[in-house]
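Throw the hints in and build the complete structure from the sequences for me.
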Amino acid sequence: MKKVIALLLAVLMVLPFAACGKPEQEDKVKVGFIYLHDENSTYDKNFIDAAKAACEKLGVDFIEKKNIPEGNECLEAAEDLIDHGCNIIFADSFGHEDYLIQAAQKYDKVQFLHATGTKAHTQGLENYHNAFASIYEGRYLAGVVAGMKLNEMIEQGKIKPEEAVMGYVGAFTYAEVMSGYTSFYLGAKSVCPSVTMKVQFTGSWYDQTLEAEAAEALIKTYHCVLLSQHADSMGAPATCEANGIPDVSYNGSTLAQCPNTYLISSRINWEPYFEYAIKCVIEGKKIDTDWTGTMATESVLLTELNTKAAAAGTQEKLDQVKAALAAGTLHVFDTNNFTVNGEKLTSYMADVNTDPKYEKDTEAIKDGYFAESLYRSAPYFDVEIDGIELVNRNYGD
Amino acid sequence: MKEPLFHIVKRDAVPWWQAWLVRIGAVVAAILACALVTVLLTGQNPVDVLLTMADGAAGTPRRLWALAQNTAILLCIALAVTPAFKMRFWNTGAEGQVLAGALSTAACMIFLTRFFTVENADGTVSAAGNVWLLYVIMIAAAILSGALWGVIPAFFKAKWNTNETLFTLMMNYVIIQIINYFAYQWSVPKGSGAIGIINLDSKIGWFAELFGQTYLINILIVVGLTVALAVYLRFSKHGYEIAVVGESENTARYIGINVKKVIIRTMILSGAICGIAGLLLVAGTDHTVSRETAGGRGFTAIMVSWMAKFDPLVMVLTSFLIVFLQKGAGEISTQLGLNKSFSDILTGIIILFIIGCEFFINYRILFNFGKKTSGKEVKTL
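One line per chain: the protein sequences are G and U, in this order.
Using the working numbering, the letters of the first sequence map in sequence onto residues 1406 to 1802.
Using the working numbering, the letters of the second sequence map in sequence onto residues 3 to 383.
Among the hints, a few may not be true.
Derived DEER-like restraints, expressed as beta-carbon distance ranges [unchecked claim]:
hint	chain 1	residue 1	chain 2	residue 2	range
1	U	162	G	1797	40 to 48 Å
2	G	1744	U	138	52 to 60 Å
3	G	1797	U	251	49 to 57 Å
Since the hints were derived computationally from the structure, they do not count as laboratory data.
As the structure is a computational prediction, the values presented were derived from the model and not from experiment.
A virtual CB, placed ideally from N, CA and C, is assigned to each residue, including glycine.
In structure tokens:
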């Protein structure tokens, strides 16, 4: 009995606190952001910086929730942001998607935005939207820089044409990564026809040791003479710098850390998307179900070119290719530029609609090229083309 | 001879109100310490920080529901470890037993749903009339698998006197790897390593909303469990046997209690309740399973049970306190733009004070001021 009284007393102590909350106004535009990690992760920092810039530019209030795992916590975070008066909610990690959909089903007056997700076009919700960027175009351009460098090495007699082997440190064997390394390879091949590539997967988006080991293996065991990556740590760039191997990095310049080997890097800039979506809500317009940022929207950016390490004439070539991509005269996945098992690809069913059976549901070859990011914003190019050898595979454990 | 500056004396039993005064004093002291640390480290107004915590945990009706739901889950797991702890069987495997229950529940939802659905005209599916059977199977599977994960270490303990602390702890890692394996096997889309929400559109196998509240079923189940376990431990013969085995195995043997049987039976119970917690997590809230489903609650529950001195009714309070702190601390990082680590520091301070105050309830400190020290002056190093 006495314990029960004590218990009641203790609960009573807390109640005055509970009464402090007050409902927030709902008519103002307020954006809530949900991040998987905090600023310490380069992936999340890219979103955090863009969100801040976009909201400050448009003068809207925003709240951030960091370190939200890919579980029911994400739904709770979204509901909490709604309690705070948010009418736009964004989440940045692939695994947040289902929880955001659940929130979208429940709160139809709030707009939900999700980066890298795949389900908006099949879910049929008015207030749930996916977004991604045509980063394959950025990678293609970075590949051109790599190809120019290889040509320079061949001309200087450092390597023979058939020794132009690139290495690529990838995270997982998914479409997102496959689309990235294939576009990088095709960019290099467009200027250096003899190039081939080896890809090694680490099975993690961020693992400095594994990425350094993969880079080491690609350089020492597979005799790669130039590296690039789709993983988030400094493992590969640092290994390249130590070994004097030219490197195309990702998600931001590594010039400061790797002054002798860094060539160029591509990254997705999320600010244009945030601006677009927030403006839509302010003006009462519909937000696209699938929004794909491009070079034109400045969603795909190349960081500074390291003129010290890159080959002469690279900038001119880059401008030329960039213009062709923008004009639509050049397609990254043009089927004339690659073969699969020695043959030209004329038809390919891609798994665009997410379902448990991984059904290949959509014809992706259109007008002579693989139409990446057309049927949904997230990449779905998962063709294994000739010239690229996968050292291992990793679908995650 | 050197007399120490103070020495520590065991107290006689203190009256209950005095003990609670000490505890409330500890909470107040903890809040003051938090305020001090806040001012020193961040320069933020400490009152604001504390109000933000309270607001984050209970500021809106929805937050109160989330608070109650999270308290219920933590309480459920704390209830589960309690009978074992009372028996001095250190079950550090609650995390794994919860995950075992969660995995079985999710498996039932993934593979058995198709037997309990009818196809609608528009191609969507909805629950068939016999869907109650699916819930029965889910509940049975969760309880059985939780109990199985608990009884394996108990069997080895009873039979060969293996160390249960290590054994139960290792079982956690086994089930985590099993879940990793299935999370890949069943992942949607392939290779993402995430199962995603099961039956997102049809909601089959999900606990229904009660009076418009998603979490009410979870909360009611845990309330029922709390009362049941309190009665079981306090008034049943089993509860008495658990207490005797915990006090002294030899005494238990002397009065004719079958110690092995009690160990195994109690761990089946402990694992089964963990299994129910797994069921509540999958069917009631998460609707999926991953290695993060239990989220460390299996370990936090040990603290909850311990702080409540293994009394199920007091655990309502201790689990509430911990969840309140966690939720409130999370809000600090959101509202005041402080790093999440800062809220962890505050939670740590408060829990340290609360656990530490038990020392002052059980012991008192006698200082030796003014007393003559006999003999020579003692040099301090």
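Quick rundown of the hints versus the structure:
{"no.": "1", "hint": "U:162 <-> G:1797: 40 to 48 Å", "in the structure": "holds (42 Å)"}
{"no.": "2", "hint": "G:1744 <-> U:138: 52 to 60 Å", "in the structure": "holds (56 Å)"}
{"no.": "3", "hint": "G:1797 <-> U:251: 49 to 57 Å", "in the structure": "holds (53 Å)"}
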